[in-house]
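Please arrange chain B on chain A, whose structure you already have, making use of the hints.
Protein chains in written order, with my numbering: chain A, 2 to 110; chain B, 2 to 115.
Calculated directly from the structure, the hints in this document are not laboratory data. Since the structure is predicted, the reported quantities are computational estimates derived from the model, not experimental observations.
Pulled from the structure, derived: some chain A residues nowhere near chain B, Cβ distances all over 10 Å:
| id | residue |
| --- | --- |
| 1 | SER17 |
| 2 | GLU34 |
| 3 | PRO36 |
| 4 | THR38 |
| 5 | PRO39 |
| 6 | GLY40 |
| 7 | ALA41 |
| 8 | TYR53 |
| 9 | ILE55 |
| 10 | GLU61 |
| 11 | ASN62 |
| 12 | LEU84 |
| 13 | ARG91 |
Under 8 Å between C-beta atoms, here's a sample of chain A residues computed to sit facing chain B:
| id | residue |
| --- | --- |
| 14 | ILE5 |
| 15 | ILE6 |
| 16 | ILE94 |
| 17 | GLU96 |
Glycine is no exception: its CB is placed at the ideal position from the N, C-alpha and C atoms.
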Amino acid sequence: MTDIIHRELELSCSPSEAWEHVLNPTWLGDDGELPMTPGAEGWVRDEDGVHYLIVEEVDENERYVYRWATFDDAPSRVEIELLPMGDRTRISISESPLDVRAQASLGFQ
Amino acid sequence: MSDTVSHVFAALSDPTRRGLYEQLLESPNGYTATELALNASVSRQAIVKHLQVLSLAMLATSHREGREVRFFATSKAAATASTWLADRAVAWDRRVAALERGVRLSTSRRGARR
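The shape of chain A in the complex, shown without the other chains:
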């Protein structure tokens, strides 16, 4: 399934610095916890409420993938990729809804 939302930006720092910023949940919401272990559960709180998330992939300085959902919103998968661009880092973010079958196996609903 194709991405539904896609954002790209360049940060004026190295991938390892960018990685630290990406893993600090305060940009995703007001507060939260982003675990570094695939399968681990975390959360992000913003004005929509608490998004509960499960980490899917952690590739240090390169890639962070999780699926998340709130109590009243459809679960989706978020992929954040970091790409070195000289002394800068390109960040590519995509969010796509999980299909109905995937929702059932998630335990979200």
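For chain B alone, kept in the frame of chain A given last:
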């Protein structure tokens, strides 16, 4: 609400189905599967299946007309999906701005220390 959105996105993730849905949207009189098959690259049978998926996602409704079934686009499910999309887009704009701000703050702080 959640189910509507994921059904709509799943239904419209297929290019053939998206094309059929667009054709339905443009025709106030709807289409039968036979009519849609006339200028399609897939079989009538495949089109019938795609129309069933669109109907399940509430993107299309149908009325029996003699021996044929005529399909019409409905826009309510699509509107729900586009609201979902707009909300998410706004949230990501906010997050991207926060990430950029965070990096800018820490690089300028480091610059000041030098």
